[in-house]
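Build the full structure now, drawing on both the sequences and the hints.
Listed here are the chains, written in short residue letters.
Protein chains: 2
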Amino acid sequence: MTTMKLIVVLAAAVVAMPLALAHEVVSSPDGHIKVTAGLKGGKPFYSVARDGRAVINPSYLGFELDKGSLKDGFEVIASKRDTKCETWTQVWGEDKDVVNHYNELRLCLRQRRGAKLRLDVVLRVFDDGLGLRYEFPKQAGLGEFQILDELTQVAMPVDAQAWTIPTQGTTYYEALWTKAPLSQKPEVSTPVTIEVSDSLYMVLHDAALVDYASLNYTPRHLPGAAVTLVASLTPWKNGVKVYGHAPMATPWRTCIIARTPGELITSRLMLNLNEPCKIADTSWITCGKYVGIWWGMHMKDYTWSQGPKHGATTANTKRYIDFAAAHGMKGVLVEGWNYGWDGDWARDNKFDYTKPYPDYDFEGLQRYALSRGVSLIAHNETGGFAKTYEDQLEAAFSLYERMGIHAVKTGYVHPLMDEKEDQHSQYGIRHYLKVIEAAARHHIMVVNHEPAMPSGLCRTYPNLISGEGFRGQEWNAWSADGGNPPYHVTVLPFTRGLAGSMDFTPGIFNFANKAMPGTHPQTTLAKQLAEYVLLYTPWQMAADEIENYEGQPAFQFIEDVPTNFERTVVLNAKIGNYLTIARKDRDSDNWCVGSATDETARDLDLKLDFLDQGKSYTARIYTDGPGADYRTNPYPVTFTTQAVKRGDVIKVHLAPSGGAAIMIVPVKPVTNH
Amino acid sequence: MTTMKLIVVLAAAVVAMPLALAHEVVSSPDGHIKVTAGLKGGKPFYSVARDGRAVINPSYLGFELDKGSLKDGFEVIASKRDTKCETWTQVWGEDKDVVNHYNELRLCLRQRRGAKLRLDVVLRVFDDGLGLRYEFPKQAGLGEFQILDELTQVAMPVDAQAWTIPTQGTTYYEALWTKAPLSQKPEVSTPVTIEVSDSLYMVLHDAALVDYASLNYTPRHLPGAAVTLVASLTPWKNGVKVYGHAPMATPWRTCIIARTPGELITSRLMLNLNEPCKIADTSWITCGKYVGIWWGMHMKDYTWSQGPKHGATTANTKRYIDFAAAHGMKGVLVEGWNYGWDGDWARDNKFDYTKPYPDYDFEGLQRYALSRGVSLIAHNETGGFAKTYEDQLEAAFSLYERMGIHAVKTGYVHPLMDEKEDQHSQYGIRHYLKVIEAAARHHIMVVNHEPAMPSGLCRTYPNLISGEGFRGQEWNAWSADGGNPPYHVTVLPFTRGLAGSMDFTPGIFNFANKAMPGTHPQTTLAKQLAEYVLLYTPWQMAADEIENYEGQPAFQFIEDVPTNFERTVVLNAKIGNYLTIARKDRDSDNWCVGSATDETARDLDLKLDFLDQGKSYTARIYTDGPGADYRTNPYPVTFTTQAVKRGDVIKVHLAPSGGAAIMIVPVKPVTNH
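If you read the protein sequences in the order shown, they are chains A and B.
Counting in full-length UniProt numbering, the first sequence runs from 1 upward without gaps.
Counting in full-length UniProt numbering, the second sequence runs from 1 upward without gaps.
Hint data in this document are derived by calculation from the structure and do not stem from the laboratory.
Hints may contain errors.
Chain copies aren't distinguished; within one or between two, either way the pair holds.
Said to hold, decoys possible - Restricting the straight-line Cα-Cα distance to at most 25 angstroms, the calculated cross-link-like pairs of lysine to any residue (SDA-like) are:
1. 645 / 512
2. 615 / 549
3. 668 / 327
4. 330 / 551
5. 651 / 632
6. 514 / 669
7. 330 / 560
8. 318 / 560
9. 651 / 549
10. 318 / 330
11. 645 / 513
12. 668 / 551
13. 318 / 370
Listed below in structure tokens is the structure:
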């Protein structure tokens, strides 16, 4: 497919435009946000205000191409406006129905001199922010071209505190999010989550990244702003940022604008700025929970490679299938099942995606799994050898499809893709899309580990169900820095989580780290439960070794918690400190609620304003028990049942790095039929 | 069968005895207990001392028969002694192996005048108490006879506090155990649990009650004792106590003697005084847990009888079978499945034990249950019409056996058996044995409700797996007195529980009593869990409606708790106040622990001295959560996991009428095979 297909064709009104007009204004449907865009001395710019106050100061736009500068000397040759208001339904997600309501302004620019290159700037303004993208129209002077630099700016009126990770070299976006004023930041990856004030939160990112480079920002001190973020695309190794060809649209440069941290989480701007679903029949795309032979490798109980401690054996996998079947889990992930793991697997490029190890009866196990209402999730570690994987994609996915396997977890553990390019460069982005499209053809869902940062592409390809691109649970197994700190979970939903669903793999119940004695997940057990609500993905893993769930009453919550939601409500939030989210199951009238805190114990009042009026519910509440503390004793969980109705308040006490998890279910009458 | 068969044939040494010797002494194997028995002025008597102190003062023995008095004018014609030391294995129970070690003295008595009737008094003295029984040897003057009164006395040196229930008329032993000095008691049923001092506890009861009347005691003020308990047998309606025929042995009159309340619970004296197992192949006798359509009737969600709310429907039962299968429960009890429930079922005598109601597919459901590894438990309510039941026993049990049903719960809800005799009279005792024997022939286990008080007969007939004969959970559903009080569970194991396993049916999780709003079980939820350990039966019910277990993490304990034990240890106990029991699973190295308190909150230190030395265990601890109180909020349960080893102390806090339940499991190495 080409990027051309992604350009939204709108029934647009072309407005004849006086060339003398330096800028135009486009407002959000509710009128609060106004975006000004136009030219300043021939240089394209935009600025953003909310309720009359500058949110983004005038910020320049443009490119350096191999075929010349596209940053100045422009005139506006036309502007077009459009409005869209639609409601679309997610195949899966945090909300069932998504309102896509925006006003669009397209500025058609042309350089006055030279090749008179044309460039469109498209702005979509929503009640919850904006997207801006460039389009390179088909034109004589611009066939194939190279983007040497994208010059997009975000000029911030104040040097606000921001949660960021550094631009990624080889760490797969697996860095800790830290908070500091923007001016003190190095070059940062997107998303960039900015706390401007108690009533203004902004998140910068890109949407619909399909054939382009990942967007980073460099903080600069430029005139007209306290700090200006300047786009910095992840380059190919030759220095080129993007290979383009007109016509072509860039990904959207997005900015969510919110009054509360919670509004960031309920914003669907990222999804709205992606193309509608391209998969005609999505009936094979499902939601669920899974277990896997994986944490056992981190705990050194098993090896990925062959040998006496090989984890991916037929007998062991059968145990996991049986466990999944007994506990209503639909998937079993098995890592280390296929040839390629022996030796230096991350360097040797010898993975075979169809050939199981001799002690692993791949087809027999899948038949057994299907007979028990479960399926294997195929694991495809590539060691970063993307070409090798691409060469086998058809064979592997055909096999999986024939076997009834509808999900694959991919991995790219290598500093570079194919030993040369960054994974989040255009090279990597192209590869990931190839996998997603091949998988879609074969009715396979993809959980992409060591991926590019997601950009809402799951709207277009809902088989891209989840991904990594953050420090997941595994960092609690082997991280020399002691694992993910207590505040980690209270930051992820406001940063990486806004880019796409997260395969965090929560649910560690045994805190004794056999691999690195003395370390353990820096949460309480109740907080592990809360993560199932707070860290969204349609396929949640119960990540611990199944032995560690035996006899664990708190596992009931993992059994009960839904993974596909009709509606999401944020009850309270302070980024980096605490967070409570309530989500309504899409298939029932059940709600689940998750609360988490950083290292500080807290008492929270959870007001149940979201429940249906007049309906009686039972709340099944899991909270940190007496003495629970992530440092000394993570285990105590108090469970209680409480009759609740709309408007009631549930008081929960969160221990240091503690949490609460609640299932709220309607009271059902007993029947004998 | 005849009672003759019950007489233990011992390799006995007949000792020629000087007639002048007024009494003999027989000691317990450890020498602490000494029982003196002989004649005082021709009247048979016995007395008991422990460590030189009188425990029972000289107490007379004898009978009034229709054929004359058997209370005086005796001479000792011989005495025989024997010793037995054996270890036998229970088919199921609180301990696997039982040591049966006693010294026996048999006094052969003959009246000097008249018909010169002979009577043997047999005493067995164990380290934990004694049994005394009479034998009527075959003799010319005594063929058929009537016992008009049994004159056995227990002369207490002090008027001690005792836990008793009044002699039963029509209340099926379902009275509250109360504590008062013996002298202030009315006629009481056995068991009688006496707290003589902080280091002397005694329990009086009868063992091996197979063709006799139940034993009660009347406190009397007689010379030579502070208070004397005089036997009072439950009569036939014509006043006769027992119809006998020589040779014949009476049941044992038992007295457990203990230094601590806990020693009462671990005494197996009652079992040792019953005959060994008469069932050759016991492989079909199993242990397990069950659910049932029963509490729903008490909650008025269902009716026993036909109609729109009929509980025993095919669809409803299938749900219960599915639930049982999903949660490792082996049985599903369904009440109201058979014809007879419509109208005034407790009076109409129309029960049909083979004919299901039209909306209940009895055979189809059992096939379905078996396919899921579950079985129906047949319910046979008789309304007290024993003869009607006896007439159908062969047909019913043959049908059940053919269907693969190996358990039946019987019921006798009627003030009288066959509208004329007391259930605990010889008439009733004979009926119950008939049912047990018929069931054994057909490989059916019996849970006997509204029974006679058990007497350890389950040793002889281990298909008699459990019974009622106390205020069970159902009293929490409809009792006008507010249900079982908080102290109830801390008394039962020291009273009724010493007579035999108890089908208490614990596990109510929904405390909202729809049938009697405002009332509810007077326990916390954690105490409901503790009851699974404290109130022993090899078939434990999860009594609540299955809807009320959905999503309940504490149900994990019910899933995990074993019901057949290798060993039982009492960690602490104060009768009527608190109690902690630890029991080791017979099929694994798992232990379970249950603690309960009365209305007073308590902190208990549970010392794990019973665990294997050098082994690592994980304790999964369920305790009352913050704010738990049986009066206001029974629901909060705190769950925590703790690594433990022998000698460690687990500290538990019990709420008012609260409890704690613990599973202790060995740490298992992870394997891939």
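Results of checking the hints against the structure:
| no. | hint | in the structure |
| --- | --- | --- |
| 1 | 645 / 512 | between (39 angstroms within a copy, 16 angstroms between copies) |
| 2 | 615 / 549 | between (34 angstroms within a copy, 21 angstroms between copies) |
| 3 | 668 / 327 | both (22 angstroms within a copy, 21 angstroms between copies) |
| 4 | 330 / 551 | both (20 angstroms within a copy, 18 angstroms between copies) |
| 5 | 651 / 632 | both (24 angstroms within a copy, 17 angstroms between copies) |
| 6 | 514 / 669 | between (47 angstroms within a copy, 11 angstroms between copies) |
| 7 | 330 / 560 | both (13 angstroms within a copy, 24 angstroms between copies) |
| 8 | 318 / 560 | both (23 angstroms within a copy, 22 angstroms between copies) |
| 9 | 651 / 549 | between (28 angstroms within a copy, 24 angstroms between copies) |
| 10 | 318 / 330 | both (14 angstroms within a copy, 24 angstroms between copies) |
| 11 | 645 / 513 | between (41 angstroms within a copy, 19 angstroms between copies) |
| 12 | 668 / 551 | between (27 angstroms within a copy, 13 angstroms between copies) |
| 13 | 318 / 370 | both (12 angstroms within a copy, 24 angstroms between copies) |
Of the numbered hints stated above, none is contradicted by the structure.
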